[in-house]
Amino acid sequence: MNQNIEGNSDSFWMTKSILDKSKTPFYRHNPVGRIDYVNQAACKSIGYNEEELLGLYPWDIDPDFKPEHWPDVWEKLKKNEIVHINTRHRRKDGSFINVEVTGHYINSGSSEFSFTFVQDVTERKVNEELIRQKESYLRALINNFPFLVWLKDKNSRFLTVNQAYADSYGYQDPDQITGKTDFDLSPLDLAKHYRKDDLAVMESGKKQIIEEHHQGAEGRHWIETYKAPVIGIDGDILGTVGFSKDITERKVKEAELTITAAIFNSHVGMVVTDKENVILKVNEAFTHITGYTPDLAIGEPMSLLSSNIHQASFYQEMWKNIQAQGGWQGEIWNRRSNGEIYPQWLTVTAIKDASGEVSNYVGTMMDITDRKVIEDRMKHLAHYDFLTGLPNRALLMDRLQTGIAHAKRTKSMFSLMYMDLDKFKEVNDTLGHDRGDLLLREVAQRLLKCVKREIDTIARIGGDEFIILLPKIQQVEDIEAIATSILSSMRDPFNLEGNEINISASIGIAIYPNHGEDAKRLIKSGDTALYAAKNNGKNCYKFL
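Reading the sequence shown from the start, the letters are residues 36 to 579 in the working numbering.
27 Å max Cα-Cα, derived DSSO-like pairs, lysine-lysine:
1. K280 x K189
2. K215 x K242
3. K79 x K56
4. K443 x K559
5. K227 x K280
6. K569 x K458
7. K241 x K555
8. K189 x K227
9. K577 x K507
10. K160 x K458
11. K569 x K487
12. K227 x K215
13. K79 x K101
14. K189 x K215
Between beta-carbon pairs, the in silico distance windows are:
15. K569 x S146: 45 to 51 Å
16. T328 x I244: 30 to 36 Å
17. Q358 x E246: 18 to 24 Å
18. H345 x G498: 41 to 47 Å
19. R69 x T122: 15 to 21 Å
20. Q243 x G129: 56 to 62 Å
21. Q436 x S539: 30 to 36 Å
22. R123 x E366: 53 to 59 Å
23. S130 x D469: 17 to 23 Å
24. E246 x H345: 18 to 24 Å
25. D202 x P102: 50 to 56 Å
26. K569 x H256: 56 to 62 Å
27. H104 x D202: 43 to 49 Å
Since the hints were derived computationally from the structure, they do not count as laboratory data.
All residues carry an ideal CB built from backbone N, CA and C; glycine is no exception.
Work out the full structure: start from the sequences and follow the hints.
Written as structure tokens, this is what we have:
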């Protein structure tokens, strides 16, 4: 870098010094593409020395860049266009790295050349692919739910919906709804109603189950909606999540129910009582749901089904609504004849005689065990890592705050371990992400064997990073024993589908309140201690 650069000598040497010390690979090419200057970062990035690189051409190190590409690139550079190329560079050992190349053009008067900065984006590509896979898994999951599923931000804009939701409005692609609001999809009355419910859920921070109308490609019908707030790690409300199922059929049947109606033989469980709530008649569906045959049920009070889970105030409120409004509907836990407790959707309607006095009560019931399974599954997705089954960051933060509060109240010792794997990237790079995922699951199982108390928490917070919470620790030696056990466990060989690998782990340890009096500071302290363990040669633990 001498005869082709003119100008002040001091400026020249200063520029050269900067480039030589830069950590970013730098190349200079003459008009035909030949490399006539590189810095040490360029040499290091692909394993050549300076003499080996000088005189080479882009296509000598880039398998995707052909000699015939250079004239077009050079013309763009001469027009002072900045050229960006995402490609690969072949290292001297034959391996490849993903890079982002940025080229510029300079005409110094007596000479012209291009200079190129190269950024290694291999890790970024790996992370992007991992994120893409996770998004694909989640998309496949919600698209297989037999419900309308959606996620909204604080302004009720749709962030994502499943295929069933898109189909209900006549859209072929769920992404076509992203960014829209209910006001773009539904009649004004329904849109206002949906927005009002969103606000109520976010303001209260509590879930709601709502019966409401839905009007889409197939007209207006009844749906039952489960809606809950989405709460961030810091406790802020981020939006709402919900799912709905079509209950039009149930609503129609409920509206038509009378004591003598032919639909008494419906698949919906039905029971008729006198005004004292003594059972007079049941249908076959009632027997199927509860296990009680007519011989066992008739003549018994409705309390026969009671699970003893609800408090007296629950039933008092239910009968208050029946007396004031003529009916009640909601979720209730009842007991089958075999003693099994199950969730039920119950509707109670008061039947009045000609004088306006209540003569009977009609109850319709549906076993909603399957719906509760779906609710539990969604709750699990919100709080547990889909790959390892361990608590995720959200659940970790909740337990961490609870643990800190207990330690503060009882003045007991509370410890946090921040662990990651020392050679995880090598496993991903050499064996692929599938075996990398398998390794993470195996690591999780070994951690569960090392940390055995029910009050302890092992969480995966991302990649190969894990945090272990240890409340009610009696002495520092107990922490060291657990850390030693974990490190020993990680050193044992892993067998990944016939591939035996050896890794190790590093652990950073923080103790409340010495290393932080809140969750954020305690995690930061653990991370700092982990960094110290890494610097100490890895395969060890360090206290802050």
